[in-house]
Amino acid sequence: MNRYPLWKYLVIAAAVLFGILYTVPNFFGESPAVQVSSVKSTIKVDTGLVKEVERVLKSGNIAPDGIYFDAGSVHRTIRVRFADTDTQFRAKDLLERKLNPDSADPTYSIAFNLISNTPQWLQSIRALPMYLGLDLRGGVHFLMKVDVGAAVTSRVQGIQSALRSQLREKGIRYANMTRADGKIEMQFADAETRNRARDLMTRQMPEVMTEDLPENRLAVVLKPDALKETQESSLRQNIATLSKRVNELGVNEPVIQRQGADRIVVQLPGVQDVSRAKDIIGRTATLEVRMVDESVVRGTEMTVAVPFGSELYTVGNGAPVILYRDPVITGEYIANASSTFDQHQNAAVAIDLNGNGGRKMREATRGKIGKLMAIVLFEKGKGEVLTVATIRDELGSKFQITGMGSTQAATDLALLLRAGSLAAPMEIIEERTIGPQLGAENISKGFKSTLYGFLAVAVFMIAYYLLFGVFSVLALSVNVLLLVAVLSLLQVTLTLPGIAALALTLGMAIDSNVLINERIREELRAGHSPQMAIANGFAHAWATILDSNVTTLIAGLALLMLGSGPIRGFAVVHVLGITTSLFSSVFVMRGLVNLWYGYRRRIESLSIGQVWKPDE
4 MNRYPLWKYL VIAAAVLFGI LYTVPNFFGE SPAVQVSSVK STIKVDTGLV KEVERVLKSG
64 NIAPDGIYFD AGSVHRTIRV RFADTDTQFR AKDLLERKLN PDSADPTYSI AFNLISNTPQ
124 WLQSIRALPM YLGLDLRGGV HFLMKVDVGA AVTSRVQGIQ SALRSQLREK GIRYANMTRA
184 DGKIEMQFAD AETRNRARDL MTRQMPEVMT EDLPENRLAV VLKPDALKET QESSLRQNIA
244 TLSKRVNELG VNEPVIQRQG ADRIVVQLPG VQDVSRAKDI IGRTATLEVR MVDESVVRGT
304 EMTVAVPFGS ELYTVGNGAP VILYRDPVIT GEYIANASST FDQHQNAAVA IDLNGNGGRK
364 MREATRGKIG KLMAIVLFEK GKGEVLTVAT IRDELGSKFQ ITGMGSTQAA TDLALLLRAG
424 SLAAPMEIIE ERTIGPQLGA ENISKGFKST LYGFLAVAVF MIAYYLLFGV FSVLALSVNV
484 LLLVAVLSLL QVTLTLPGIA ALALTLGMAI DSNVLINERI REELRAGHSP QMAIANGFAH
544 AWATILDSNV TTLIAGLALL MLGSGPIRGF AVVHVLGITT SLFSSVFVMR GLVNLWYGYR
604 RRIESLSIGQ VWKPDE
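In terms of the working numbering, the sequence shown has 76 at position 73, counting the first letter as 1, and numbering is strictly consecutive.
Hints in this document: simulated from the structure, not taken from any laboratory. From a predicted model like this one, the values you see are computed outputs, not experimental measurements. A portion of the hints provided could be inaccurate.
[Said to hold, decoys possible] As a list, the in silico SDA-like pairs of lysine to any residue whose alpha-carbon atoms are at most 25 Å apart: (1) Lys47 with Pro323; (2) Lys385 with Thr110; (3) Lys61 with Phe72; (4) Lys231 with Gly566; (5) Lys101 with Thr121; (6) Lys186 with Met204; (7) Lys173 with Ile187.
[To be verified] With beta-carbon atoms standing in for the labels, derived distance ranges: (8) Asp73 with Arg328: 35 to 41 Å; (9) Ile23 with Glu444: 27 to 33 Å; (10) Tyr71 with Ile431: 31 to 37 Å; (11) Glu188 with Gly51: 57 to 63 Å.
Where a beta carbon is used, it is the ideal one built from N, C-alpha and C, also for glycine.
When you get a sec, could you build the whole thing from the sequences and use the hints?
Written out as C-alpha cells, the structure is:
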C-alpha cells in the first residue's frame with residue numbers, strides 16, 4: 004500500500020543529484036579577469052593571440068590563474084583570470100600598452116571582467132552559476148529613444164533618388180520634385196505625363212502609393228505597411244547593432260530589449276565606466292558597396308597618385324585598394340544577409356536588397372563582369388574594407404559574396420551587413436548607475452530574507468507536525484535545490500523580483516505539505532489505520548494541491564507572456580517554482596514517508612502531532 008518501487012527512489016535520487024550538481028556552482032564565487040576582444044571587424048581573435056597575451060603577461064612578470072579562449076560565439080574573446088584585483092589592473096594596463104600601441108586607433112578592446120571559479124569538470128556539463136541582474140551585481144542602465152522618423156526620412160530620400168533615375172531613364176520629364184513630411188511632390192507639364200509617371204511607379208515601386216493633385220501634380224508616399232515595416236526594422240537593426248557593440252565592454256548577459264514603440268532599454272551588469280559605455284553603444288557606423296578604381300593596377304596602390312574622385316583604403320581585407328568615392332549602395336538598401344555556401348561548397352554570404360537597392364546594383368554591375376567590388380564599413384570617420392570581390396555576373400536584388408575563406412568569416416560578415424550600422428539615430432533619455440556595493444547589499448538582504456523565511460517555516464513545521472514536519476522540510480529543501488538548479492541550467496538572470504518569487508515559492512510549496520498532513524490527520528480521526536491514513540491522505544490531498552497550483556500557474560503564465568522587465572523576471576521564477584514544488588511536495592514527500600513507514604508491518608501511531616478526535 005505505502006511502498007514505492009525501486010525506480011521511483013532512483014528518480015528521486017537522480018533529481019537530488021541533479022539539484023546538487025547544478026546548484027553548487029552558485030557558491031564558488033568569481034575571480035577578477037581581463038577580457039580581450041577585437042575592435043576591428045577584419046581582425047579576428049584566435050589561438051595566435053592567446054600565445055601573444057601569454058607572452059605579454061610573462062614579459063611583465065604577471066602570472067595569470069588561467070587563460071580561456073571562447074570560440075563558441077560570433078564574437079570571439081580571450082579571458083584571463085587573476086588572483087586579485089591589483090594583478091588584474093596591472094595586467095589590463097600592460098595589455099593596453101602592448102596590444103594597442105596606437106592608442107588613437109586601438110585594435111583590441113581590453114575590458115575588466117569576472118570569471119566564475121566553478122571547476123572545469125562542472126563547466127563541461129554546463130553547470131554554471133546564475134547570471135545576476137543589474138540590481139544585484141551593479142552596472143549601468145540606459146533608456147534610449149530611437150528617432151524612427153529619421154529612418155523614414157532616409158527611406159523616403161532613397162525613394163526620391165530612385166524616382167529621379169527611373170523618370171530620367173524612361174524619358175518622363177517633370178518640372179520639379181520636392182520632399183516634405185515624408186511626402187514627395189512632382190510637377191508635370193500635362194496630365195498624360197503625370198499618368199505615365201504614376202503607371203511607372205505602380206510597376207516599379209510596390210511600397211509606395213500615389214495621389215493626383217491639382218495642376219498636374221503628383222504626390223508619392225509610403226504605404227502604411229511599408230511605413231510600419233521601416234519603423235520596425237529600424238528598431239530591430241538598432242537592437243542587433245547594440246548587441247554586437249556591448250561585447251567590447253566585456254559584459255556578461257547584457258539586457259537589450261525594446262520598450263514601447265520607439266525606445267530601447269540597455270542594461271550592462273558589472274559596468275561602472277559610464278562614459279565608455281556611452282561611447283560604445285552610441286557609435287554610428289555606415290556600410291557602403293563601392294567599385295574598385297579600374298584605372299589603377301592592383302598592387303601599385305601605395306605608389307601611384309590617387310585619381311580624382313577616388314580614395315585609398317589601407318585597412319581591412321583586400322587592402323590597400325583604391326575605390327571610387329561614390330557608393331553603389333549603402334547599408335540602408337540591404338534587407339537581409341545570411342551565411343551560406345556557393346556552388347563549390349565554399350563559404351559565402353547571401354545578400355538580399357530592397358527594390359531600389361536591386362535596381363542600383365543592376366545598373367552598377369551591368370557590363371562590368373570581371374571587375375572588382377568592395378564592401379566598406381565606415382565608423383568614426385574611418386573606412387575599413389570588409390572584402391574585395393570579383394563580379395561574376397550582373398547583380399540584382401539577390402547575389403552572393405564569395406571568397407570568405409571560412410564559415411566563421413561568412414557568418415561574421417553576414418552579421419556586419421545586417422547590423423553594422425544604426426538604422427536610426429538614438430539619444431539617451433534616462434541613465435542610472437548602480438554601484439557594486441549596493442548590488443552586494445541587495446544580494447545579502449535577499450539571501451538572508453529567504454534563509455530566515457525558510458528557517459521560520461522549518462521550525463513551525465517540525466514543532467507542529469513532528470516527524471512529518473521533518474519530511475515536509477526535507478521535501479521543501481529538495482524543492483529549493485531543484486529550483487535553483489533549473490534556473491542555473493537555463494542561465495536565467497536573477498534579479499530582486501526573482502528572489503521575491505523564490506521566497507513566495509517556499510510559502511506556496513509548504514502549503515501543499517500542510518494540506519497532506521492535515522488530510523492524514525483527518526483520516527486518523529476517522530478511525531482509519533496509520534497505513535490507510537497515509538494512503539488516503541496523499542490520495543485525497545492531491546486533487547486540491549493540483550487545483551490550487553494550476554490556477555496559480557495560469558496567473559504566472561499570464562505575467563510571463565504579458566509582462567516585461569522585473570515582472571517577467573518574477574514570473575519566470577514563479578512558474579518554475581510551481582513546477583518543482585508539485586514534484587517535491589507530493590512525489591518526494593511520499594517517498595520519504597513510504598521509506599520510513601511503508602515497510603513496517605505494524606504501526607501503532609504516526610508522529611504527526613496531536614490528533615484531536617471529535618469526542619475530545
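A quick look at each hint next to the structure:
Restraint check for Lys47 and Pro323: satisfied, since their Cα atoms lie roughly 19 Å apart, inside the 25 Å limit. With a C-alpha separation of about 13 Å, the suggested pair Lys385 and Thr110 falls inside the 25 Å cut-off, and the hint holds. At roughly 18 Å between alpha-carbon atoms, Lys61 and Phe72 fall within 25 Å of each other, so this suggested pair holds. A threshold of 25 Å between alpha carbons decides the hint, and for Lys231 with Gly566 the separation of about 24 Å falls inside it, so the pair holds.
For a cut-off of 25 Å, the pair hint linking Lys101 to Thr121 is broken: about 30 Å separates their Cα positions. Between the alpha carbons of Lys186 and Met204 the distance comes to roughly 14 Å, so the proposed pair stays at or under 25 Å and holds. Distance check on the hinted pair: Lys173 and Ile187 sit about 19 Å apart at the alpha-carbon level, within 25 Å; holds. Between Asp73 and Arg328, the C-beta spacing of about 39 Å keeps the proposed range 35 to 41 Å intact.
Distance hint check for Ile23 and Glu444: the Cβ-Cβ separation is about 28 Å, which falls inside the suggested range of 27 to 33 Å. At roughly 33 Å, the beta-carbon separation of Tyr71 and Ile431 lies within the given 31 to 37 Å, and the hint holds. At roughly 59 Å, the beta carbons of Glu188 and Gly51 sit within the given window of 57 to 63 Å.
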